[in-house]
Each structure stands twice: as structure tokens, then as C-alpha cells.
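Start from the sequences, fold in the hints, and give me the full structure.
For the sequence shown, this note's numbering assigns the number 1 to the initial residue and increments by one for each residue that follows.
Be a bit skeptical, because a hint or two may be false.
Said to hold, decoys possible - Lysine-lysine pairs mimicking DSSO-like chemistry, simulated, CA-CA at most 27 angstroms apart:
| no. | residue 1 | residue 2 |
| --- | --- | --- |
| 1 | Lys20 | Lys135 |
| 2 | Lys213 | Lys198 |
| 3 | Lys27 | Lys217 |
| 4 | Lys213 | Lys19 |
| 5 | Lys79 | Lys135 |
| 6 | Lys198 | Lys217 |
| 7 | Lys135 | Lys260 |
| 8 | Lys147 | Lys160 |
| 9 | Lys160 | Lys198 |
| 10 | Lys19 | Lys178 |
| 11 | Lys135 | Lys217 |
| 12 | Lys147 | Lys79 |
| 13 | Lys260 | Lys160 |
| 14 | Lys147 | Lys81 |
| 15 | Lys198 | Lys330 |
| 16 | Lys217 | Lys330 |
| 17 | Lys44 | Lys79 |
| 18 | Lys20 | Lys79 |
| 19 | Lys135 | Lys19 |
| 20 | Lys247 | Lys198 |
| 21 | Lys81 | Lys19 |
| 22 | Lys178 | Lys44 |
| 23 | Lys140 | Lys207 |
| 24 | Lys19 | Lys140 |
| 25 | Lys178 | Lys147 |
| 26 | Lys207 | Lys260 |
These are computed hints drawn from the structure, not numbers from a lab.
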Amino acid sequence: MKKTIGHRGINPTGETTYKKTTSSALKGAIQLGITHTVGSLTQKPERDVLLQDFEVVDSIFFPNEGSNLTPAHHYGDFKFKTYAPIAFRYFREMFGIRPDDYMYSLCNERLIELSNSGASGSIFYLSSDDEYIIKTVQYKEAEFLQKLLPGYFMNLNQNKRTLLPKFYGLYCVQAGGKNIRIVVMNNLLPSAVRMHVKFDLKGSTYKRRASAKEREKAVPTFKDLDFMQDMADGLMLDNDMYTAVCKTIQRDCLLLQSFKIMDYSILLGIHNLDQACRERDSEAAADPRKPQGQKSLYSTAIEAIQAETASMGSLDTEDKTGGIPARNSKGERLLVYIGIIDILQSYRLAKKLEHSWKALVHDGDTVSVHRPGFYADRFQRFMCNFVFRRVLRKHESCLTEHYDKVSCSENTHIEDFTNYMYTNGLKPLITKPTTINKHRHLRPFTNIYNI
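Here it is, written out as C-alpha cells:
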């Protein structure tokens with residue numbers, strides 16, 4: 001075994017492994033298990049979800065030679081567990097996912113292993129129709145999701161429009177004496193749409209820059225300091241879209257805070273429409289697949305944030321993939337794909353100790369691990385004061401209470417975020433400018449949630 005990151009490794013033949021189970025065997029076990037459990041569920045009558053349904057765990061053994069209930073296979077003996085099957089069936093129905101469509105998407109064609117799996121040591125698979133992501137999770141994350149399910153259920157009943165992950169199933173493959181837990185989620189970034197740039201944003205500054213190794217990738221995932229440097233003017237949204245985005249982020253953060261969840265991020269993918277047109281004109285290499293709209297309800301970014309679709313106006317694009325229309329500082333047309341990720345981190349003792357240790361060495365307010373309330377507030381302010389900007393009407397001046405003088409400048413750079421951090425009671429790693437309070441009354445969107 002070599003090149004191990006967490007439980008993920010590469011065996012001598014070059015194949016990815018997870019807890020010493022090969023990726024091909026894991027994919028086969030997942031598909032056999034989901035086919036069986038979803039098929040079995042269709043035999044059970046539909047009914048309301050009860051509290052005890054969240055604690056149910058179904059289990060079935062898949063011997064190599066097959067049995068009366070399972071087919072023969074070549075993946076080795078394994079046991080497949082399904083957590084809260086009735087509850088997750090309800091979640092899927094809520095998002096318009098029929099059992100046969102779910103099973104067909106995940107089990108009819110081979111799962112695609114994603115190479116950009118990050119530093120967590122997880123393995124990610126993509127369904128062939130681009131609908132679903134399957135991710136391996138640790139025991140504590142799976143346990144936390146189980147505890148989260150009743151509250152998650154209540155929130156989805158009240159509000160289906162959310163940037164939070166859409167969880168469609170939680171499973172466990174027991175093979176070789178190891179438990180491999182997986183979760184099925186919605187896919188945020190359609191693979192048929194080229195992402196010209198990607199960001200993982202937390203609103204913190206400590207070690208929040210893409211590594212040299214990450215930058216070598218074809219499409220690196222950049223971080224907060226990279227965004228502050230490369231996109232200092234933010235992403236321009238029209239007034240209604242900006243309001244919808246910020247209200248959705250605020251609502252989601254309140255829910256995460258209530259469950260004492262922290263260290264989550266916004267995954268942000270940007271497709272530059274004008275750049276894509278130039279690439280097509282120059283016959284640059286492009287994905288031959290034609291982007292298709294996703295089948296699951298409320299699964300795209302635009303669906304997640306639109307409270308009243310009719311009030312948002314029409315777009316000047318034929319996009320069917322659910323990107324949020326925006327513009328950059330150059331006026332180029334963008335489609336933005338966003339979603340909140342990594343929500344299975346609670347502020348438990350280990351995280352409290354991690355924050356205390358980091359705070360001894362660095363400024364405590366700049367690290368990503370923080371109290372859920374502080375984390376949520378900092379996260380919202382960063383997203384709605386710096387990442388997303390409200391487009392001004394032509395008759396409005398830059399020197400108004402609705403817009404920041406700095407954000408109208410073409411020369412905005414990293415010091416502007418320093419000003420923003422200090423004005424909002426935060427402490428960045430960057431040296432504090434001496435003129436920080438000069439235009440305090442001009443800071444942007446200080447009351448954006450009083451709308």
C-alpha cells in the first residue's frame with residue numbers, strides 16, 4: 001500500500017482502495033446493496049414517517065455465491081446496511097425522485113470515481129447521469145447525520161429551498177472486517193458544464209489559500225484568500241437575486257447554528273459564459289455532452305434560492321442546469337453554482353480543543369474552527385458582504401449607504417477585506433490599515449438581513 005490519505009490508498013496495481021477494499025469491489029457492493037434495498041422498499045406500503053423510523057437499520061448479507069435473496073457476485077462476501085430507509089424514502093419523494101429513477105441512476109451504469117477527493121481521505125463517486133454524488137464518511141459523521149435526521153426532516157417539510165446538502169440515503173458496506181459508510185447526495189456541479197474556476201469558502205483566513213499541489217490541477221479548488229485576491233470585486237447579482245441568495249444563506253446558517261454545526265463551506269463553481277463563447281469560437285477543446293437539466297426538484301442552485309420564481313425575471317441565457325446569473329467586475333456574464341458542504345462537523349470537545357490550540361498560536365478569530373454562533377455570523381457576512389454584491393441601478397451613486405465606495409473601484413484588493421473584517425468586529429491576519437474607521441458609515445450591506 002502506498003500514497004495513503006486517511007483510509008484512502010492506492011494498491012500495487014494502481015487501483016484506489018478504501019480501508020483496503022478496492023474501489024471496483026466497493027462500487028459493485030454499493031450498487032448491489034442499493035438495488036436490493038430500494039427494490040424491497042417498493043413492496044412496503046407508503047405511510048407517514050414516525051420518530052422511530054429514524055433509528056431503523058436494515059441489514060442483508062451478500063455471500064459471494066449468492067442466496068435466495070441475493071445474486072451471486074465476484075466482490076467477496078459483504079453485508080449491506082441501510083439506515084432509516086423509510087425516512088430517506090420520504091426525503092427522495094419530497095424531491096420528486098421516484099424509486100425506479102433513483103435505482104436506475106445509481107445502479108444501471110458504472111459509477112464514476114472522482115479524482116479530486118480532497119484532503120479528507122474520502123472517496124467520491126458520481127452517477128453516470130450526473131444526478132448524484134456518493135461520498136464515504138467517517139463513523140462520527142454518519143452517527144451525527146443519524147442524530148440530525150429528525151431536525152433535517154422538519155426543516156425540509158417547512159422549506160425545500162435550501163443550499164444545504166440534499167441527503168438521499170445513508171448506507172454501510174461491511175467487507176473484510178471493516179465498515180465503509182457512504183452517503184448519497186445531490187450533485188452541485190454539473191460535469192457537462194465547464195467550471196472555469198472553483199472555490200471552497202469558509203469566511204476565514206488562516207491557511208485558506210490553495211496549495212501549490214492543488215494549483216497544478218486542471219481545475220483547482222481555490223480558497224478564501226485566493227478569492228479575496230483574484231475576485232476582490234465579488235460576484236455581481238441583481239437586487240432580487242442578491243436578496244434571495246442572502247436570505248437563503250441566513251436561514252441555512254441559523255439551522256446549522258441550532259445544531260451546533262461549524263466548519264462548513266460554500267462550494268462555488270463559476271462558468272464564464274463569455275469566455276465559453278470565445279473558446280467555442282476558437283474551437284477550443286470542449287465537453288461534447290450537452291448540459292441537461294437535473295431531474296431532482298430543488299437540486300440546482302437557482303431552485304434552491306428562488307422563493308418566488310416569477311419575481312426573479314427572465315435570464316438572458318438558455319441555461320437549463322440551474323446556474324445563478326451573475327457578472328464579474330469586467331461585466332462578463334457568469335453562471336454560478338453554489339451549495340453548502342461539509343455540514344457533518346459538530347462543535348464537540350475535539351473541535352473546542354482544536355480551536356483553543358490554534359488560538360494560542362494564531363489569532364483565534366481567523367481560524368476556521370470556531371463556536372457555531374460566531375462561525376455562522378462570520379460566514380454570512382463574508383458571503384453577503386464580499387463574495388456576493390448587489391448590482392447598483394444606474395441612477396444610484398457609489399457614495400450612498402447602500403454601496404461601498406471601495407467596491408466600485410477597479411483597484412480593489414486584499415486590504416478592502418481587511419477593512420471589512422475590522423468594521424464587522426473580526427480580526428484578519430493582514431496588518432490593520434491606519435485609516436480603517438475613516439469610511440465606517442460607508443461599509444456595504446451592514447443591514448442586509450433587515451429586508
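Evaluation of the provided hints:
1. Lys20 / Lys135: holds, 16 angstroms
2. Lys213 / Lys198: At roughly 15 angstroms apart (the allowed maximum being 27 angstroms), Lys198 and Lys213 satisfy the hint.
3. Lys27 / Lys217: holds, 25 angstroms
4. Lys213 / Lys19: Judged against 27 angstroms, a Cα distance of about 25 angstroms means the pair holds.
5. Lys79 / Lys135: Distance of about 18 angstroms is within 27 angstroms: holds.
6. Lys198 / Lys217: holds, 12 angstroms
7. Lys135 / Lys260: Given that 27 angstroms is the threshold and the Cα spacing comes to 22 angstroms, the pair holds.
8. Lys147 / Lys160: Distance of about 20 angstroms is within 27 angstroms: holds.
9. Lys160 / Lys198: holds, 25 angstroms
10. Lys19 / Lys178: holds, 7 angstroms
11. Lys135 / Lys217: OK: Lys135 and Lys217 at ~21 angstroms, within 27 angstroms.
12. Lys147 / Lys79: Given pair Lys147, Lys79 holds - Cα atoms ~23 angstroms apart, limit 27 angstroms.
13. Lys260 / Lys160: holds, 21 angstroms
14. Lys147 / Lys81: Distance of about 17 angstroms is within 27 angstroms: holds.
15. Lys198 / Lys330: holds, 18 angstroms
16. Lys217 / Lys330: holds, 25 angstroms
17. Lys44 / Lys79: Distance of about 22 angstroms is within 27 angstroms: holds.
18. Lys20 / Lys79: holds, 16 angstroms
19. Lys135 / Lys19: holds, 14 angstroms
20. Lys247 / Lys198: holds, 23 angstroms
21. Lys81 / Lys19: holds, 17 angstroms
22. Lys178 / Lys44: violated, 30 angstroms
23. Lys140 / Lys207: holds, 25 angstroms
24. Lys19 / Lys140: holds, 16 angstroms
25. Lys178 / Lys147: holds, 22 angstroms
26. Lys207 / Lys260: Distance ~23 angstroms between Lys207 and Lys260 Cα, so the pair holds.
Taken one by one, the earlier hints fail for this structure only at number 22.
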